[in-house]
Amino acid sequence: MSENNTLYAGFSAKIDAVLAALEAEGVLPAGCPRNNVSVEPPRDASHGDLATNAAMVLAKQAKTNPRALAELIVEKLSADPFVTSAEIAGPGFINLRLDRAVWEIELDQIAGQGADYGKSAMGAGKRVNVEYVSANPTGPMHMGHCRGAVVGDALASLLEYAGHDVVREYYVNDAGSQVDTLARSAHLRYREALGEDIGEIPAGMYPGDYLVPVGKLLADKFGDQFVGKDEAEWLALFKSEAVAAMMDQIRADLAMLGIKHDVFASEAELQAAGKPEEAEKWLRAHDLVYDGILEQPKGKVLDDWEPVELPLFRSTKFGDDQDRPIRKSDGKWTYFGADLAYHMQKAEGADELIDIWGADHAGTVKRIKAAVAALSEGQGKPIPFDVKLVQMVQLLRNGEPAKMSKRSGNFVTIADMVEEVGKDVVRFSMLTRKPDAQMDFDFAKVVETSKENPVFYVQYAHARICSTMRKAAAEGIVPTADNMDLMGDDELALIKQAAQFPREVEAAARAREPHRIAFFLYDLASAFHSYYNLGNDDPAKRIIVAQQPDLSSARLFLVQQIGQVLKNGLALLGVEAVEEL
RNA sequence: GCGCCCGUAGCUCAGUAGGAUAGAGCAUCGGAUUCCUAAUCCGGGGGCCACAGGUUCGAAUCCUGUCGGGCGCACCA
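Residue numbers (the numbering used here): 19 to 599.
Just so you know, not all the hints are guaranteed correct.
What the hints assert, rightly or not - Derived lysine-lysine pairs resembling DSSO-like cross-links, with alpha carbons at most 27 Å apart:
1) K399 / K364
2) K144 / K585
3) K514 / K489
4) K406 / K364
5) K384 / K406
6) K293 / K406
7) K278 / K441
8) K399 / K335
9) K441 / K137
10) K81 / K94
11) K299 / K350
12) K137 / K278
13) K384 / K399
14) K364 / K299
15) K585 / K463
16) K144 / K364
The hints are simulated quantities; they were obtained by calculation from the structure and are not laboratory data. Note that the structure is predicted; figures quoted are calculated from it, not measured.
Given these sequences and hints, build the entire structure.
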């Protein structure tokens, strides 16, 4: 379960040793960079088990041609007992075939490591803070939050699996004017709960039904003491009460998706602690904040534009279009002003920061990255910081835009969606495409239990394995690793595919792309279904062959491990590995 | 006008640090079920990887430009 233990990393090291030997012999110049050398399974399995481009990459430096260098490498690699053949192909690829013992050992690894198979020490315990969701605490979660929530959560799990020490964080924006609106809307519902006819909810207030129980709660708690009173007497109180209620709601919504954050950081508390002031002071001292006047935005006509002097952060120094205000004209912090201080707070307990944002916030990435870079470097602790954008999801029903929810007032909630199609479908759907392309989510298609819907396909593979295990147990056949030599090419091919999992985890973690795991699982499920169906044409190829208990035990052992890998991958994505469909 | 993301089969999407003949599913056509779950499998047809240049042994992948779609562009969050 460490990076150096995976099969591919192991062979990578062997090839590296061969190159080092060639360097010692003077074939390769001393200290020549080998970081472009790749060791990976070839796309076409007929080429072998492993391929390396070493000869092509290094030929120039060795002052020879790729094929000549390849021959030298092949000569040394052939000496390895686990290498059964090493061939030069095409422009200079070296294709290796590995002894079947390699795969038998790998299968044993899966059995031995169980739920830990695929975990990696790549992250080396590096502390990564992943901030995701961070929806405003003004209502239930809606579709706009869903993709970022699932992708962020899966990414956090993936990094954890790959050996990082991960904190899942939610930034609660409880300090802006939107929570004032929330408090006023709640006050309206409070009066309603006390029997007043409040009529239509006025424009500018939150109209959703979800505030009705909040109003009732406030009425029960405070009676009529805040009716007809000046806003100053109740606003702060109603704010904190309503935000708390909304956060409970949001936590419940997230729980429906199987998401749980470690830290909920409050913007109001951040401000109360004077963090933004500290940041401003430092930035001013380093001439990164100055008082200036913004230009009128281009490409947009504004009737009420007035030039105002504001404290501006020099984000243009970092490639942004214009400098950005950190305070408003009333002296309060802008979102950005508080946010940069918030990122410094996160950086205190982390080695690396990742934010997951919706694509509608793409315009603000440059300024926050600039601010974090300036502050962290300036304060002597530069911190890697990445903002991952997830693109918009369009909700459809039979190809038409989906209707809004009554519960929410004006949007489709996550609760509605999960109730209708289920957590696993929602999560897997969001994870079977790369996040940086827009996607459509069609209720009608997504509930179909078919190939249209890959989650069932993968779950079915796992369920089929469980069912086979149950049947075998009933017949008194137990999986054993004792007769691996009975396994043929079909079985070995399946092991080879499952053996990619640790490598896949590391690659996905490195690229921060959890969707790769979903596609890997789909492919593995597909390979298993094919294998399973071999038994339909030829009874001798069934997993359980009554007359041959040794063979059956070996095959059972194999599919048991395939099931284990499917289970591990599904767990990583937060999807149930069901045992029956 | 500017910034960011996307453009791969009729449709929905993959394409692993630039690698070998670009892959799946759906749809379509043809097959497999007295047999471990057919929610499955096997096979056929279907591509100027938007377009044009460039980088190099090699480009769907990197760079530049053009076209098309999405998102954003006050002190909102």
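Going through the numbered hints above, which ones does this structure break? Give me the numbers in ascending order. The structure conflicts with no hint, since it agrees with every one listed earlier.
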